[in-house]
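Protein chains: 2
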Amino acid sequence: MKITSLRTPCVLIDQRRVERNIDRMQQAAEAGGKRLRPHAKTHKSPDLALTQVARGAIGICCAKLGEAEVFADHRVSDIRLPYPINPVNADRVLALLDRTQLSFIVDDLEVARGWSRQMAAASRSVDVLVKIDVGFHRCGVDPETTDAAEFVVQVAEMPGLRLKGLLSHAGQAYGATSADAVEEIAVREAGILTEVRQRVGAMGVALEEISVGATPTARFSAALPGITELRPGNYIYYDRMQVALGAAEWDDCALTVLARVVSRPDPKRLILDSGSKTLTNDQVRGGALPGYGVVLQALDDSTPDERFVIERLSEEHATVRVLDGTTSTLVPGDLVRIIPNHACVVSNLMDEIWVVDGEEVADALRVAARGRIT
Amino acid sequence: MKITSLRTPCVLIDQRRVERNIDRMQQAAEAGGKRLRPHAKTHKSPDLALTQVARGAIGICCAKLGEAEVFADHRVSDIRLPYPINPVNADRVLALLDRTQLSFIVDDLEVARGWSRQMAAASRSVDVLVKIDVGFHRCGVDPETTDAAEFVVQVAEMPGLRLKGLLSHAGQAYGATSADAVEEIAVREAGILTEVRQRVGAMGVALEEISVGATPTARFSAALPGITELRPGNYIYYDRMQVALGAAEWDDCALTVLARVVSRPDPKRLILDSGSKTLTNDQVRGGALPGYGVVLQALDDSTPDERFVIERLSEEHATVRVLDGTTSTLVPGDLVRIIPNHACVVSNLMDEIWVVDGEEVADALRVAARGRIT
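Protein sequences, first through last, are from chains G and S.
In terms of numbering that gives the first Met the number 0, the first sequence opens at residue 0 and continues consecutively.
In terms of numbering that gives the first Met the number 0, the second sequence opens at residue 0 and continues consecutively.
These aren't lab readings, by the way, just hints derived from the structure by calculation.
What you are looking at is a predicted structure, and each value in this text was computed from that prediction instead of being measured.
If several chains are the same, the list does not tell them apart, and a pair holds so long as it fits within one copy or across any two.
Computed list of lysine to any residue pairs in SDA-like fashion (alpha-carbon distance at most 20 Å, straight line):
hint, residue 1, residue 2
1, Lys-267, Leu-329
2, Lys-267, Pro-142
3, Lys-1, Val-87
4, Lys-1, Thr-373
5, Lys-1, Asn-88
6, Lys-267, Glu-109
7, Lys-267, Asp-146
8, Lys-1, Pro-86
9, Lys-267, His-136
10, Lys-1, Ala-297
11, Lys-267, Arg-137
12, Lys-1, Val-354
13, Lys-267, Glu-143
14, Lys-267, Thr-145
15, Lys-267, Asp-141
16, Lys-267, Gln-171
17, Lys-1, Asp-90
Hey, can you work out the whole structure from these sequences and the hints?
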């Protein structure tokens with residue numbers, strides 16, 4: 000079947016690009032002597048997770064227990080949650096520990112004590128890492144304001160917790176305006192983690208793992224000393240945001256949206272059937288780069304067609320402006336492909352996506368962990 | 000069961016508010032002599048659609064055929080698609096016509112001719128309305144640039160199409176900065192439609208229906224002459240956007256997100272487990288009103304707690320700033336309720352939501368038409 004026969008809008012992933020992206024990141028990690036543990040939030044597919052593991056990944060990451068439950072059901076045997084799981088979920092953690100190697104982060108002593116009590120009560124133990132805030136200012140122990148080493152040592156002493164190491168996410172890299180700025184963030188992250196590890200070591204606690212994760216910083220972190228694990232997720236598909244950050248080229252982008260022109264009310268405006276329920280309202284760098292994705296020049300091409308700006312999304316409509324001085328022959332019924340701003344959130348809207356080889360549909364893929372938010 | 004026992008994050012809808020919202024809009028429509036045809040995109044629930052019909056609605060609207068298929072499966076017998084459905088979907092339209100009263104819009108003569116050919120080939124006919132662009136500049140025939148009356152008369156003459164009337168959506172009301180501005184938009188919309196109808200009438204074609212739809216304009220349109228049908232959708236739940244537009248009060252908002260504090264890394268910052276996979280990155284008036292929803296003062300209250308700004312969303316985290324000079328005792332494990340910016344898109348992320356009566360969980364409700372984008 001050709002992609003032109005598919006109901007629209009829909010999501011296509013290019014099989015060869017997915018495999019190439021998986022292999023390149025694996026090679027980069029291995030060349031730097033790091034273990035690769037991809038974040039599965041991008042694809043939410045057990046099939047793709049098992050492919051990543053078969054090609055060398057040590058395991059995967061998920062954000063929430065609900066995702067981990069789906070991947071554990073599909074025999075993914077090592078799952079890390081770089082998320083501050085709350086002890087209110089102890090029943091689910093205990094159930095998961097029976098069927099997969101599970102680890103998660105702590106960044107709060109009361110929460111860590113809660114887990115310690117829960118594990119002790121169940122005569123069990125669980126692997127944890129201390130989350131260090133390396134400048135994104137979301138979760139994590141901030142070494143600027145807190146004695147991070149003292150925090151780590153306290154966690155190391157709690158019964159029921161097996162402290163594996165430190166973990167960070169340099170999410171601020173998504174706001175960077177150059178590849179140099181991204182590299183600087185990666186270097187600073189490694190420096191902060193190394194310093195905490197050394198101070199903890201001086202206090203008599205050896206840390207086995209230093210885990211960092213984000214696709215934009217991954218290629219730099221791969222070559223930095225002191226890091227043991229990389230946790231990028233988006234690299235399996237890439238998207239417009241990653242191209243803007245210099246982390247990928249357009250023809251690395253494996254996920255595209257196939258959309259149809261449904262109205263052409265004006266020579267300067269056309270309407271596609273891919274609204275925010277397909278593309279989401281996620282922006283690139285807070286809207287600094289306008290539009291909700293890029294339209295490609297042809298169905299078999301990866302080059303953005305600069306004539307089109309996806310200017311506004313309603314839930315089921317994309318309003319596309321045809322730039323002044325240019326023309327387009329697109330009429331209702333015609334198809335276009337779009338590289339979205341952010342691939343991970345597009346996956347999360349789909350129950351099923353299409354695996355393609357060029358314009359040929361190879362397979363359907365269930366996004367089995369879609370919508371697992373708890 | 001109490002809401003405090005639910006896995007978080009999750010979506011709660013308050014049963015009494017839903018019923019009150021349904022009844023008030025029905026009464027407003029009837030008081031103005033209009034038929035009410037709610038847009039089901041907000042709830043995507045056959046149960047709620049059937050409740051709306053039982054309380055007086057003439058039928059429902061859906062955006063896409065995929066949604067209509069779900070509602071038709073659940074015996075909703077009159078479904079209008081205010082969407083420029085493309086003739087490539089003729090097979091699905093013909094199948095739907097066997098089991099529900101279906102109508103949709105046209106705004107392009109070639110598309111209308113395509114439908115006419117498809118219907119003639121199947122010896123069938125379908126109800127259509129001509130979409131008029133009343134200033135939102137998305138779909139529709141724009142009377143400023145096109146002879147709309149001539150367009151309507153041409154559609155009226157096409158075999159296989161039963162022209163029912165005119166339809167519009169004053170989506171520009173969502174950008175209005177005062178209730179007066181919203182009223183002005185509603186008045187202008189009615190004026191444009193009345194003029195087209197009169198010109199069409201002078202050309203010998205009588206139009207039975209004049210259908211307008213948007214929650215912010217609905218209370219004004221209800222009282223305006225010349226309109227026969229109202230198609231608001233959001234009013235069943237309301238949200239922060241509607242309160243900002245003066246269309247609702249906080250205690251009309253029936254949909255809330257129950258979220259849990261998962262990290263409190265700083266006295267000025269707390270992290271909730273409700274990220275963009277729960278709240279979406281939809282903004283109010285392009286971000287003019289900052290934040291991704293409002294945190295409520297207490298689990299049993301509808302008053303926004305002005306100390307908190309939901310400043311940034313990651314997929315699974317909400318980063319909440321505690322405003323300078325204020326404090327909060329919230330710690331990891333604590334629950335909060337949030338009124339989101341935009342209720343419709345939150346529904347679309349959920350497979351199931353909870354019907355509540357105060358803090359008591361009354362029922363689970365499947366969002367059966369979630370994700371039906373084709």
